[in-house]
Amino acid sequence: MKAFFPTTLLLTCIIAVNAQINPSFTRWEPREIEDIRLDEITGSPYLIDSFQNGFILLESELLIPLKLRYNIHTDAIEFRHDEKTYQLQSHPNIKMITIADRVFQFLEFKKSNTKTQKSYLELIADGKVSLYCRHQTQYYPNRPNQEIGDSYNGLKKPEYITQSLSYFSKLDNEMPVEFNSPKQLYTLLNSTIKDQAEIISEKNKTRFWNKNDLIDLFNQLNNPNK
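If you're matching positions, the sequence shown starts at 5 in the numbering used here and goes up one per residue.
Because the hints were derived from the structure by calculation, they are not lab data. Hints may contain errors.
Cut-off 27 Å, straight-line C-alpha distance, at most; resulting in silico cross-link-like pairs (DSSO-like, lysine-lysine) [as the list claims (entries may be wrong)]:
#	residue 1	residue 2
1	Lys115	Lys198
2	Lys187	Lys161
3	Lys114	Lys132
4	Lys132	Lys99
5	Lys122	Lys99
6	Lys114	Lys88
7	Lys119	Lys187
8	Lys207	Lys99
9	Lys119	Lys132
10	Lys115	Lys215
11	Lys160	Lys114
12	Lys119	Lys198
13	Lys198	Lys215
This one's a predicted model, so the numbers in the text were calculated from it and none came from an experiment.
All chains should be modelled from the sequences, with the hints used to inform the complete structure.
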């Protein structure tokens, strides 16, 4: 049975545990931030605007329940406590973050151009071969509204525009690697799984840009007898 403690005590535990393991933990301490006025912008920087029930799981298996949300634009997890909003910096002792029924991990990954980056990835299919997606959004500050044609009085609201999802395949303890096509995915898989993936995707007419199709493909790869 999971034990739930007051948030202040739990945050103290995070800092205390990590400070013992890593003296530089102070750079990952939660910091208070200003809330974004969503009524003053178009779109949103958040995956879900409101704070959701969730938890932070540390490598020590300590489970910390909090109200959380993911800021896609800043690539940061935010939480709410005592009517204040805090940003939790990523650090190596966070194993996993769950927001509602969605799971996030801060991972180093390889892009399709072979460059490596670090970011929060959402785990959307788990197993011997896991599927992750990366959320991104583009921010546009106030700019002239061309439809109005007045560069002084016709400013658009600042706007966040959601970008297409990026997808990553991860085998066991290997780094997640981005794929944009069937061919790219197949080269990441061992011969047995590759053959299965080709058969399943051909049978189901898998659209490799469609989230639900990819989840279905990976679930079948991980559970071939179902």
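For a quick check of understanding: which of the numbered hints are violated here, in increasing order?
Violated: hints 2, 6, 8, 11.
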